[in-house]
Amino acid sequence: QKEVEQNSGPLSVPEGAIASLNCTYSDRGSQSFFWYRQYSGKSPELIMFIYSNGDKEDGRFTAQLNKASQYVSLLIRDSQPSDSATYLCAVKAVSGTYKYIFGTGTRLKVLA
Amino acid sequence: DGGITQSPKYLFRKEGQNVTLSCEQNLNHDAMYWYRQDPGQGLRLIYYSQIVNDFQKGDIAEGYSVSREKKESFPLTVTSAQKNPTAFYLCASSRANSAYEQYFGPGTRLTVT
Numbered sequence: 001q002k003e004v005e006q007n008s009g010p011l012s013v014p015e016g017a018i019a020s021l022n023c024t025y026s027d028r029g030s031q032s033f034f035w036y037r038q039y040s041g042k043s044p045e046l047i048m049f050i051y052s053n054g055d056k057e058d059g060r061f062t063a064q065l066n067k068a069s070q071y072v073s074l075l076i077r078d079s080q081p082s083d084s085a086t087y088l089c090a091v092k093a094v095s096g097t098y099k100y101i102f103g104t105g106t107r108l109k110v111l112a
Numbered sequence: 001d002g003g004i005t006q007s008p009k010y011l012f013r014k015e016g017q018n019v020t021l022s023c024e025q026n027l028n029h030d031a032m033y034w035y036r037q038d039p040g041q042g043l044r045l046i047y048y049s050q051i052v053n054d055f056q057k058g059d060i061a062e063g064y065s066v067s068r069e070k071k072e073s074f075p076l077t078v079t080s081a082q083k084n085p086t087a088f089y090l091c092a093s094s095r096a097n098s099a100y101e102q103y104f105g106p107g108t109r110l111t112v113t
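The listed protein sequences derive, respectively, from chains X and Y.
Residues in the first sequence are numbered consecutively from 1, following our numbering.
Residues in the second sequence are numbered consecutively from 1, following our numbering.
Keep in mind the hints are simulated off the structure, nothing from the lab.
Keep in mind the model is a prediction, meaning the values are calculated, not measured.
Idealized CB from N, CA, C, for every residue including glycine.
Be careful, since some hints might not be right.
Said to hold, decoys possible - Below, computed lysine to aspartate or glutamate pairings styled on DMTMM-like, alpha-carbon distance capped at 25 Å:
1. Y:K9 to Y:E24
2. X:K99 to Y:D54
3. X:K42 to Y:E24
Stated by the list, open to error - Residues from chain Y shown here face chain X by an in silico Cβ test under 10 Å; the list is partial:
4. R44
5. Q50
6. G63
7. P106
What the hints assert, rightly or not - From chain Y, some residues computed to sit far from chain X (all C-beta separations above 10 Å):
8. P8
9. F12
10. S22
11. L27
12. R68
13. E69
14. E72
15. T77
16. K83
17. N84
18. T86
19. S94
If we strip away everything but chain Y, and leave its shape as in the complex, we get (with noise of 0.2 Å):
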C-alpha cells in the first residue's frame, strides 16, 4: 500500500533534549512538508522541500531544523531552541505539478515537560 507513514505516533521528552521525528513516504512524491497543529488551531508550515537536498523555511521554521537526503524521507528535528515544542506534529507529501494534492502521514504528538 502506498502512503506516508510517520513515527513514533507518541513522543515524550524532557526540555532541553533534542528530538528527532521520521517521515518516509513511497508515493513517488517530489514535495514534501512538515506542519505543527496546536489544540483548535489550524496548521502551521515549519519546513517543506521540492526536491532532494533542497528545503525552505515555512512559517514558523525557528527551533526546527530538516533534511531531505533522499526522496523518501523528511526527518524533522525539534531543538531545544524550540520554546513550545509540544503538539501535534503532521508531514504532507504531494506531486511536483504545483496544481496536485497534499497527503497527510498519521502524525506525532509530541508532548515535552
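Bound-form chain X, shown alone (with noise of 0.2 Å):
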C-alpha cells in the first residue's frame, strides 16, 4: 500500500515564527508533490506544487522536496493566526496514472 504519512499534531507556533511541516512517502517512484490548506469545514486550497529536489519559494511559503530520502516539506515564514489550520500533503503517482494520494494532514495553529 503506497501511503503519505504526515505527524497530525497539532504544530503550535507563536505568531512570526516559522512553522515547519513534513511529509514522508513510500513509492519512490512518485513524481509531483503538493501542500493543501483546509480550514475546518471547508474544501483544501492548493498552496504549494514542488516536482523537483531542492526548494521552491512563493511569499511566506517554501517547499522542499529530498526525492533520496523521500520527503517533502513546508515552511511558513512569519506566521499569522489566520495560518491556523490543517495542512494536507499529497503525492501523485506514478507517471500514467491520475491517483493523488493524501496524508492525514497537520494540524497548525498559530498563537497570537
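These two chains come separately, so use the hints to put the complex back together.
Encoded structure:
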C-alpha cells in the first residue's frame, strides 16, 4: 500500500515564527508533490506544488523536496493566526496514472 | 470565473434513499475525482475519470456510482448499499498531464439518518 505520512499535530508556533511541516512518502517513483491548506469545514485549497529536488518559494511559503530521502516539507515564514489550519500533503503516483495519495494532514495552530 | 461547483452544500436524507451529488467544472480539465472525508481523517478516493465516458474505481467505490457523459460534469450517486454514507464529499479536477495539480470544489456535507 503506497502511503503518505504526516504528523497529525497539533503543531503550535507563536505568531511571526517559522512553521515547519513534514511529509514522507513510500512510493519512490512519485513525481509530483502538493501542499493543500484546509480550514475547518472547508475544502482543501492548493498552496504549493513541487516537482524537482530542492526548494521552491512562493511568498511566505517554501516547499522543499528530497526524493532520495522521500520527504517533502512546507515552511511558512512569519506565521500568522490566519495560517491556523490543517495542511495536507499529496503525492501524485507514477506517470500514467491520475491518482493522488493524500496524507491525513497536520493541524497547525499559530498563537497570537 | 473558472472553478468547480458542487451542489447542494448540505444534504439530508433518510436511510435507504439514493442521493445524487452534483459536480460541475468550467476549467476545461479532463480528469475529475470524488473523495470522501470523515472527521479527523484524510481524503479517500471514491471514483475518478480521465476522459468522458470512462471512469475507474478508487479505494472505496462500494455503494457509490458515477457517470461522465460530459467533460464538465461528474455526478456521484450514493446508493442505499453504502453502509456509512454520512461524510463530507469533495469533487476535484485536474488537467490531463499526470504532473498537474488538482483543484477542489467547495464540498457537499451529506447527513443520512
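Decide, holds or violated, for the assertion that all CB atoms of chain X are farther than 10 Å from the CB of Y:T77. Check passes; 20 Å lies beyond 10 Å.
At 10 Å, judged by beta carbons, does Y:E69 keep clear of chain X as stated? holds (19 Å)
Is the nearest Cβ of chain X still more than 10 Å from the Cβ of Y:S94? violated (7 Å)
Let's test the interface hint: is any C-beta of chain X closer than 10 Å to that of Y:G63? violated (20 Å)
For the pair supplied as a hint, Y:K9 and Y:E24, confirm whether the alpha-carbon distance does not exceed 25 Å. This hinted pair holds, its Cα atoms lying about 13 Å apart.
Does Y:F12 clear chain X by more than 10 Å, comparing its Cβ with all Cβ atoms of that chain? holds (17 Å)
Is the claim that Y:P8 lies outside the interface with chain X correct, judged by CB distances over 10 Å? It holds; Y:P8 is separated from chain X by about 14 Å at its closest Cβ, greater than 10 Å.
Please check whether the beta-carbon of Y:E72 is more than 10 Å away from every beta-carbon in chain X. holds (17 Å)
Report holds if the minimum CB distance from Y:R68 to chain X is greater than 10 Å, and violated otherwise. Since the minimum Cβ distance to chain X is about 13 Å, Y:R68 lies beyond 10 Å and the statement holds.
Decide if the proposed pair is consistent with the structure: X:K99 and Y:D54, CA atoms, cutoff 25 Å inclusive. holds (15 Å)
Return the status of the interface hint for Y:Q50: holds when the least beta-carbon distance to chain X is below 10 Å, violated otherwise. holds (5 Å)
Using Cβ atoms and 10 Å as the threshold, tell me whether Y:T86 really stays out of contact range of chain X. The claim stands: Y:T86 keeps its Cβ more than 10 Å from every Cβ of chain X (closest is about 15 Å).
Of the numbered hints stated above, those contradicted by the structure are hints 6 and 19, listed in ascending order.
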